[in-house]
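J.: With these hints in hand, go ahead and build the complete structure from the sequences.
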Amino acid sequence: MRGAGALIAWLALAVPVGAQAVQTLPYDALAPLLSGRADFDDLPALPEPGHNLDHGYATAGARLGERFAGQALRMAPGPENGLHDGVTGRPTAPLTLETGAPDAGLSVSFHRAFRSNAVYPLGPRRWPVPEGRGEGALAIWLARDACAVALRLHTEYVDALGRNADHVGDVTVTFYARDGRKLARLRHAPGGGITGYGYLRAGQTADIAGITVTNLDKGGIALDDIRFGCVPLTG
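Taken in order, the sequence shown gives residues -21 to -1, 1 to 214; the numbers are from mature numbering (1 follows the signal peptide of the UniProt record, and there is no 0).
Read the hints as simulated data drawn from the structure, not as lab findings. Since this is a predicted model, take the numbers as computed values, not measurements. No residue lacks a Cβ here, since even glycine has one placed at the ideal position from N, Cα and C. Just so you know, not all the hints are guaranteed correct.
Claimed, not checked - Computed beta-carbon distance windows for the label pairs:
id	residue 1	residue 2	range
1	P5	R166	13 to 23 Å
2	R16	A48	18 to 28 Å
3	A48	R91	32 to 42 Å
T.: And the structure:
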């Protein structure tokens, strides 16, 4: 682990001026080095539709909700014509979590692919409708500014005949500072199943105060094994 920490620190410090503000790294390399975590296993494991969390979710060092104060929620254009949540606008300072309308915030249930509890952001069709689970927006507020975040997400669209030919993974992760400034926005197109992402701030700058995750995936998304903090500078 020490060697991995030194390697990631070197990568961060070696980024040239003007390079991407947040680097994408392998989840398995970054996640073990971060002390903060949200994995939802403190809640009883329930089958879908699971727990309806109108007031968000809290863990040591972080809170999860829908968006940040100052941002507006909108129906996002995409493959399902407005049945996903989008987030617009700059958050107000200091960064403050908003948890969403009743039945439209977050849900946690046991996820067969993760083999553990996972969080689903609830979309316009709301809880407990199956088609509303995973189509919403997710915001993660951090109590202390972080240098890095890592997460795993599940995307997979299967039609009525059991085919996934129409699967379109489309996930956007946006990073914010404590004063509401946007630090970076990264867009991913993961394949079906579980995909892990690690994110490291250029230069290991500790100024990530929160992130939002939105998607246009037909089947929606679920997230688990969220990690956050700074990489120890040990050799």
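J.: Decide, hint by hint, whether the structure agrees.
T.: Evaluated hints:
1. Checked against the given bound of 13 to 23 Å, the beta carbons of P5 and R166, roughly 18 Å apart, stay inside it.
2. Restraint check, R16 to A48: a C-beta distance of roughly 25 Å satisfies the suggested window 18 to 28 Å.
3. At roughly 35 Å, the beta carbons of A48 and R91 sit within the given window of 32 to 42 Å.
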